[in-house]
Amino acid sequence: MPAITPWEGDAPQFALTDYGRSAECARRRLCSVCGTLMPKGAVWRVVGGAESSAIREALDAGRPYRNMAATLEGPGHRACMLYASMVCPYLARPNARRGLTAEAPDDMTAHVVRGAVRGDLGAVVGFGDYEFAVTRSQVLFRFLDVVEYLPHDTADQHLAELRAELARGGQPR
167 MPAITPWEGD APQFALTDYG RSAECARRRL CSVCGTLMPK GAVWRVVGGA ESSAIREALD
227 AGRPYRNMAA TLEGPGHRAC MLYASMVCPY LARPNARRGL TAEAPDDMTA HVVRGAVRGD
287 LGAVVGFGDY EFAVTRSQVL FRFLDVVEYL PHDTADQHLA ELRAELARGG QPR
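Here this note's numbering is used: the first residue of the sequence shown is 167, the next is one more, and so on.
None of these hints come from the bench; they were simulated from the model.
Hints are not guaranteed to be accurate.
Restraint ranges, calculated between C-beta atoms of paired labels, are given here [to be verified]:
#1 A333 / R308: 18 to 26 Å
#2 R302 / L325: 37 to 45 Å
#3 P178 / E327: 24 to 32 Å
#4 L203 / E314: 31 to 39 Å
#5 P230 / P178: 18 to 26 Å
#6 A235 / R193: 19 to 27 Å
#7 A299 / S219: 31 to 39 Å
#8 A330 / R302: 35 to 43 Å
#9 F180 / T202: 31 to 39 Å
Note that CB positions come from ideal geometry on N, CA and C, so glycine has one too.
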């Protein structure tokens with residue numbers, strides 16, 4: 167169960183983010199998937215079609231990539247994000263659609279609305295570090311300096327890499 171997933175009674179509310187849990191993960195440098203400490207250095211996240219394409223274009227052109235737009239999606243360990251890319255239906259396949267709706271979608275959360283499509287090319291991306299801000303209603307993240315780009319059409323393409331990461335001692339969450 168992702169560390170930032172809210173619960174309603176005994177039921178996890180997938181595709182939503184618990185504000186308090188997300189803020190705690192940001193402040194304490196905890197993985198948004200497993201909830202354990204991420205060491206200083208690189209962090210990973212899974213990106214959808216538009217951001218994945220922008221990263222690929224920048225890397226192919228030899229330009230640095232830095233998206234100044236904040237996101238609600240927090241970072242995690244490499245193994246955790248490889249795993250998340252495979253088990254979350256929305257992240258795993260290009261034709262998957264969001265099943266739940268953001269409670270109050272705005273410009274930043276429009277991609278979280280019911281029926282939104284991930285897009286053609288997803289990726290697990292490593293970043294040198296991240297910044298965050300905790301506002302009264304949201305936890306916002308920005309990611310700095312791409313250090314690894316692992317694109318996928320379907321995320322099962324990462325299975326061998328996840329196995330190798332776990333064999334190297336990556337977080338097994």
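Structure-based check of each hint:
no.: 1; hint: A333 / R308: 18 to 26 Å; in the structure: violated (32 Å)
no.: 2; hint: R302 / L325: 37 to 45 Å; in the structure: holds (40 Å)
no.: 3; hint: P178 / E327: 24 to 32 Å; in the structure: holds (26 Å)
no.: 4; hint: L203 / E314: 31 to 39 Å; in the structure: violated (20 Å)
no.: 5; hint: P230 / P178: 18 to 26 Å; in the structure: violated (37 Å)
no.: 6; hint: A235 / R193: 19 to 27 Å; in the structure: holds (22 Å)
no.: 7; hint: A299 / S219: 31 to 39 Å; in the structure: violated (26 Å)
no.: 8; hint: A330 / R302: 35 to 43 Å; in the structure: holds (42 Å)
no.: 9; hint: F180 / T202: 31 to 39 Å; in the structure: violated (20 Å)
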